[in-house]
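*Asks:* Take a look at the letters that make up each chain.
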Amino acid sequence: MHDEEVFLISQTIETPTNCRTNSVDPTMQLPDHILQSIFSHLNFHDLVHVRLVSKNWHRNTPSHFALHFNESLFHEKNPTNKSDFWDWIRSSLDASNTNKLINVEKRVLRVKCDHPGDIRDVLGLLGGNHFHEVYLSFKLLRTHCYYLPYIFQSKFLTLLHLTECGIHNRVFYGTEEIFPSLQELKLDKVTVCEVTLSMFISKCPCLSELSLLNCWGICFIVLTKLDRLKKLYVKLSYFHSFTYIRVIAPSLQVFHFVHRSRERRVAVNMDIRACKMLREFHLDCWRFPQGLDPENISSHFPRLETLLLGPCQTEKPIKIKISGPLLTKWILSFPGLYECSRKSIVSTPNNLSSFQYMGTMFQPYLALPSDTSKVLGSSNIVLIPKTNEVNRAWFLKLRSHLENFSNYNTILDLRLREKGQAKWTSSNTAAGSHQALNSRHEQAQKSTGIFVEIYN
Amino acid sequence: MASTTETKQKKMLILKSADNDEFEIEESVGVQSETIKNLVEDGFTFVPLPNVYTKALIKIIDYLKKHANKTDSNDEEIKTFDKDFVNTTFDDLFELVSAANYLHISCLMNMLCQTIADRIKDKSPEAVRKIFHINCDYTPEEEAKIRKANAQAFEGQFDESLD
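So the sequence lines, in the order shown, correspond to chains P and C. The first sequence stops at residue 475 when you use the numbering used here, and every number in between is there. The second sequence stops at residue 170 when you use the numbering used here, and every number in between is there.
To be clear, the hints were calculated from the coordinates, so they are not data collected in a lab. As the structure is a computational prediction, the values presented were derived from the model and not from experiment. For every residue, glycine included, the Cβ atom is placed at its ideal position computed from N, Cα and C. Hints are supplied without guarantee of correctness; some may be wrong.
[As the list claims (entries may be wrong)] Listed next, with one range per pair, are the computed distances between beta-carbon atoms:
no., chain 1, residue 1, chain 2, residue 2, range
1, C, A151, P, V214, 49 to 59 Å
2, C, Y109, P, L345, 31 to 41 Å
3, P, D51, C, T95, 17 to 27 Å
4, P, G193, C, D144, 51 to 61 Å
5, P, W107, C, D125, 50 to 60 Å
6, C, E133, P, S110, 37 to 47 Å
7, P, D246, C, R126, 16 to 26 Å
8, C, T95, P, P269, 42 to 52 Å
9, C, E31, P, P321, 30 to 40 Å
10, P, L92, C, D98, 42 to 52 Å
11, C, S80, P, L345, 17 to 27 Å
12, P, T262, C, K77, 36 to 46 Å
13, C, D98, P, K174, 36 to 46 Å
14, P, K174, C, Y109, 49 to 59 Å
[Unchecked claim] Straight line, CA to CA, 25 Å or less: simulated DSS-like cross-link-like pairs of lysine-lysine:
no., chain 1, residue 1, chain 2, residue 2
15, C, K66, C, K90
16, P, K249, C, K90
17, P, K254, P, K222
18, P, K348, C, K90
19, C, K90, C, K128
20, C, K44, C, K72
21, P, K74, C, K44
22, C, K77, P, K244
23, C, K137, P, K74
24, C, K66, C, K18
25, C, K77, P, K295
26, C, K155, P, K96
27, C, K128, P, K249
28, C, K44, P, K348
Using the sequences plus the hints, can you model the full thing?
*Replies:* Structure below.
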């Protein structure tokens, strides 16, 4: 380290002139072009509420031209034949509108369609018009999948969302073209094979946010050399048999992995060790992934701030060590499925400000060591009791457990289920004094700070 | 550590902040700023910066020093540094962005704009107004008109927190 202190040669003691009063809007003092460059980082949807802030902000947001095509709305208005919808798009994208399009800073296109025909020429028009943000959604029956003949090229494209369609295996063969400015890619219910996906992603050097939600046909995900990737969301469907995920993205800050498959006993292989900058990690799957060391989550990802752990069952009891210096928020979701004992969770977080637990049973290990109670701002416990009948014994158990938390400022969220009814009831208890919790829930309703609402 | 001969060879600059504090930095560090570079090319070694206050200048000098020593091996370290650098209040971010703008440090500008954008993007217009003490100058009719024009986008949830 060559971090010499900034060398202060002379210091004049004066009343600081830069003490701004708090009531001044700092954005009014900035030159307009700074606001413009801040807003240039936002997408069309984020800009909507930026425009609502003030006239000054509105004036500095990039001008935009948004085209929305919704087939079902179109047919409601024009109950004629199906092809007209595409003709409508063709004519809208045609030369007459091009002048309007060229003069704006952001071009946005949203198409929701039910019956794609041959839209090769429409995709050509999309490319020709240099859209910045494109949302394509094909609402189809599961048996039919519309395969995109190709992905249009646009050198300005920064955001692409594809919903319910397929990307053909041969789409990227024999084409050298890349998506030089694409930053956000979201594939939702898209049928694509692993090779095509990785070819697609390798063509996006600026990708910073990638969402793969319920994509069909993917058994593994390998993402390498993604230096700019900051956010990665992977959600796999119930029917997915997924084997492994490997991510080498040194700038990755947010990673959500959700895999609640029907095969509960199969663990996914996960290699994300290269993602040292990880700040937010949601791991929600039935089995704790292989290749991820539960004891060293904190040391592998030293910058972790938010950690969510789903059921994550393991072969044998494991120890989860949570001690990250920056960890402020820790959520355990349904950890009743953890095969762990009192000593399984070793946690010495320095500045944990939020601890959330969601489960069916009381777990003794949830009473954190007393020294952490001083720093823990608030914890949030959501209990979904397995018992169908909430009786005296159950409440006694709850009370004795909550005594462990009496030093904390805890919010308790009880979700009770009435017998024979699939209706959930929810109650919130905000109290430091759990001693007041009574043994019967009729009484509990009246006691201080506890609100149990039963909806029948 | 730098030897004495090396120190002599190094050209130094003096930067003077708006609150009249003076800082000595190496020329090679300073010229990452286009504004300073232009002055150095014109032969200046004393650079007054009437638009940059000491508090921001200290941070910016830190940034320039870190980035002047960029090699392949400390890439990780710089990323960590950058992340800590922008982890500050909105007031500081705006102070820094206006200083970086004046000094013409484009990589820093870009990073700060991106950070500010990321932090306001999920906030409700009301929360943004509170954070920046902005008076809403829309009439309810005007506001309704804009909301209506963009009705489609009001689907998500806003973040009402003020940090």
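*Asks:* Each hint: holds or not?
*Replies:* Taking the hints in turn, this is what the structure says about them:
Range check, A151(C) to V214(P): Cβ separation about 50 Å, and the 49 to 59 Å hint holds. At roughly 32 Å, the beta-carbon separation of Y109(C) and L345(P) lies within the given 31 to 41 Å, and the hint holds. Checked against the hint of 17 to 27 Å, the pair D51(P) and T95(C) passes, with Cβ atoms roughly 24 Å apart. Taking 51 to 61 Å as the suggested C-beta distance range, the pair G193(P) and D144(C) conforms, at roughly 55 Å.
Checked against the hint of 50 to 60 Å, the pair W107(P) and D125(C) fails, with Cβ atoms roughly 37 Å apart. In this structure the supplied range 37 to 47 Å holds for E133(C) paired with S110(P), their Cβ-Cβ distance being about 41 Å. Checked against the hint of 16 to 26 Å, the C-beta distance between D246(P) and R126(C) comes to roughly 23 Å, which is consistent with it. The supplied range of 42 to 52 Å is broken by T95(C) and P269(P), whose beta-carbon atoms lie about 23 Å from each other.
Hint check: E31(C) to P321(P), Cβ distance near 34 Å, so the stated range 30 to 40 Å holds. At roughly 45 Å, the beta-carbon separation of L92(P) and D98(C) lies within the given 42 to 52 Å, and the hint holds. Range check, S80(C) to L345(P): Cβ separation about 24 Å, and the 17 to 27 Å hint holds. At roughly 39 Å, the beta-carbon separation of T262(P) and K77(C) lies within the given 36 to 46 Å, and the hint holds.
The supplied range of 36 to 46 Å is met by D98(C) and K174(P), whose beta-carbon atoms lie about 37 Å from each other. For the hinted restraint 49 to 59 Å between K174(P) and Y109(C), the CB-CB distance of approximately 32 Å leaves it violated. A hinted pair counts as satisfied when its Cα atoms are at most 25 Å apart, and K66(C) with K90(C) qualifies at roughly 13 Å. Between K249(P) and K90(C), the direct Cα distance comes to roughly 12 Å. Compliance with the 25 Å bound is thereby established for this hinted pair.
For the suggested pair K254(P) and K222(P), the alpha carbons sit about 22 Å apart, so the restraint of at most 25 Å is met. With a C-alpha separation of about 19 Å, the suggested pairing of K348(P) with K90(C) holds against the 25 Å cut-off. The hinted pair formed by K90(C) and K128(C) meets the criterion: a straight-line CA distance of about 18 Å does not exceed 25 Å. At roughly 15 Å between alpha-carbon atoms, K44(C) and K72(C) fall within 25 Å of each other, so this suggested pair holds.
For the hint pairing K74(P) with K44(C), the CA-to-CA distance comes to about 37 Å; that exceeds 25 Å, so the pair is violated. For the suggested pair K77(C) and K244(P), the alpha carbons sit about 20 Å apart, so the restraint of at most 25 Å is met. Simply put, K137(C) and K74(P) have alpha-carbon atoms about 16 Å apart, close enough for the 25 Å limit, and the pair holds. At roughly 21 Å between alpha-carbon atoms, K66(C) and K18(C) fall within 25 Å of each other, so this suggested pair holds.
For the proposed pair K77(C) and K295(P), the alpha carbon gap of about 19 Å is at most 25 Å, so the pair holds. A hinted pair counts as satisfied when its Cα atoms are at most 25 Å apart, and K155(C) with K96(P) qualifies at roughly 20 Å. Straight-line distance between C-alpha atoms of K128(C) and K249(P) comes to about 16 Å, which keeps the hinted pair within the 25 Å bound. Restraint check for K44(C) and K348(P): not satisfied, since their Cα atoms lie roughly 44 Å apart, outside the 25 Å limit.
The structure does not agree with the numbered hints 5, 8, 14, 21 and 28 stated previously, though it agrees with the rest.
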